[in-house]
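Residue-level listing of the chains:
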Amino acid sequence: MSYATQKLAEEKVFKDPVHRYIHVRDQVIWDLIGAKEFQRLRRIKQLGTTYLVFHGAEHSRFNHSLGVYEIVRRIVDDSFSGRPEWDDSERLVVLCAALLHDLGHGPFSHAFENVFGLDHEYFTQQIIVGDTDVNEILKRVSEDFPQRVADVIGKTYPNKQVVSLISSQIDADRMDYLQRDAYFTGVSYGQFDMERILRVMRPREDQVVIKSSGMHAVEDYIMSRYQMYWQVYFHPVSRSAEVVLTKILHRAKALSEMGYDFEQQPTHFRGFFDGTYTLDEYLALDEGVLLTYFQLWIKEKDPILSDLSNRFVNRKLFQYIEFDLAKDYMKMKELELLFKKAGIDPEYYLVFDSSSDLPYDFYRPGEEGERIPIHLLKPNGEIRELSRESEIVEAITGKRRTDHKLYFPEDFLTKDGKKKALKKQILDLLK
Amino acid sequence: MIEEHAKIVQFIGAADGITGRKKLQKMVYIAKKLQYPYKEKYEFHFYGPYSEELTLRVEELCNMGFLQEERQDKGSYVQYKYQMTDAGEHFTQMAQVPEATRDLVACIDQMKNKSSRFLELVSTLLYFDYLPKEEQIEKLHVVKGKLNFTKEEIDEAFTFVMNLMNERAIQ
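Listed in order, the protein sequences are those of chains A and B.
When you line the first sequence up against numbering that gives the first Met the number 0, it's residues 0 to 430, in that order.
When you line the second sequence up against numbering that gives the first Met the number 0, it's residues 0 to 170, in that order.
Derived from the structure by calculation, the hints contain no laboratory data.
Watch out, some of these pointers could steer you wrong.
To give an idea of the interface, some chain B residues facing chain A are shown, with a C-beta separation under 7 angstroms as derived from the structure [to be verified]:
# : residue
1 : N62
2 : M93
3 : V96
4 : P97
Glycine included, each C-beta is placed from N, C-alpha and C at the ideal position.
Throw the hints in and build the complete structure from the sequences for me.
In structure tokens form, the structure reads like this:
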């Protein structure tokens, strides 16, 4: 028996709060789960800084990756298997891609990537094709297998059906994270009937479509996505934590470039500060490492690095106001000047943040040739875009999808001290 | 953050309006690959490199009144046209974004005069620019098999990129 088809003597199961059980029969999948690069995902939270708002949101990318694998396993083994439009020889590559799709995420990855100009998808590819345990396992299937898995995740795989299971507007990735994030944050919005959706998914040339009888389950999925974005993912306090985190990393990088003598040398960050990082250095980072530095940097002499680190570790986050850039961008300039006069560096303490800076999107039908929408399969074989059939979806696809905030340290402005009049002037502007 | 918004307004202003979301996506991507300073993150989608960040940013700019979106019903599909507004022009000035250089304006102008199919071809080739040329073309046929790009089109795409690079003075 080849490694590709080798099964475990007994099925292994992981208890899971979202899918109840995650089933593993394939030796390859079992070996990948045990690889050190995959185990690292236990130390990277799925929702980054959201745990500072929803205290239950401590779940990891490890949990989520297993969940995505399980959903895809159910689709290919239960819904697609035996259907003429599905090529069962793609089963293993899509399972591996589902399991490994988030492998390249770094600690607090959104902020980390923004500051250092990185891309987790690039690292996912590098871990899969590079000199790693994961690569060694995948190569046992065949020499070209790591590249095939990487191509599915990179969306450049020839079989688009396979790609769309992992990455489309109704894919296993989203179906898992919506339910999982809802479960761990404790909100009730992320619920939808996934079993129903899986039952009505059908493979078609180049895509996966949904039987129109399942439209209401899909509507529920779109609604839960819409609500999760506003209630959880765009939560202003969680964004405040991310703003502070981003500014810590910016400050540490700036200090390093200025030749500042750190009491706690940022050894793990050097390669990222000067762009000389290696894959091993990237893999050595996790959220434990970052939080340790933040804890130690509270004691640094640099007042900005010390203050920002303290804010993050002890959850003394920035205050925020709604900020209409169209109306108020002159005010922004004025505030920058006043902050400088007050001795508060606006580079670190006055931050405009918009929803386009966040890694989440809404359902959109899109323009011809832009991106694949969700398609419904009618009983007569006709394929129709979801929002043309569903009034509910049509109603929310046209709604406002953007949100802007201005973040600042209110405590700096309200505490007693010098320049009272100036600080009052700033506070008046921020009202 | 504001600067990134302003750069997109400036880009569309320099083009004197852009018709088609796909065209806008590919134009910004190609400019980014030519090392013009756009920060929007791109991934590969069914129609080539695509940036969700850019989509959202453009939506925001329309909501703010810095860009105007015009919806054009083409029968079987909808097309959108984007133009910089007076408020948008004022915004780019206030945001103190450096003026678009002559080579950037020339680059935008050349891209604008090409079809979105051609820009899809160019941006897809650029997405695989880490590969040797033969493998780049092979990959193009794998991911864009249905579009049946001809050898002439591919040659034209490479020449187009080379010319843009020469004008930008990068290799």
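Would the stated hint for V96/B survive a check requiring a Cβ distance to chain A of less than 7 angstroms?
The hint is violated - V96/B has no Cβ within 7 angstroms of chain A, the shortest such distance being about 12 angstroms.
For the hint on P97/B, just tell me whether its beta-carbon gets within less than 7 angstroms of chain A.
With a minimum Cβ separation of about 17 angstroms from chain A (threshold 7 angstroms), the hint on P97/B is violated.
Should the hint that N62/B touches chain A count as held when the rule is a Cβ pair under 7 angstroms?
Holds: closest Cβ of chain A sits about 5 angstroms from N62/B, inside 7 angstroms.
The hint names M93/B as touching chain A; please verify it with the least Cβ-Cβ distance against 7 angstroms.
Hint on M93/B: holds, closest Cβ of chain A at ~6 angstroms, below 7 angstroms.
Of the numbered hints given earlier, the model fails hints 3 and 4; all others are met.
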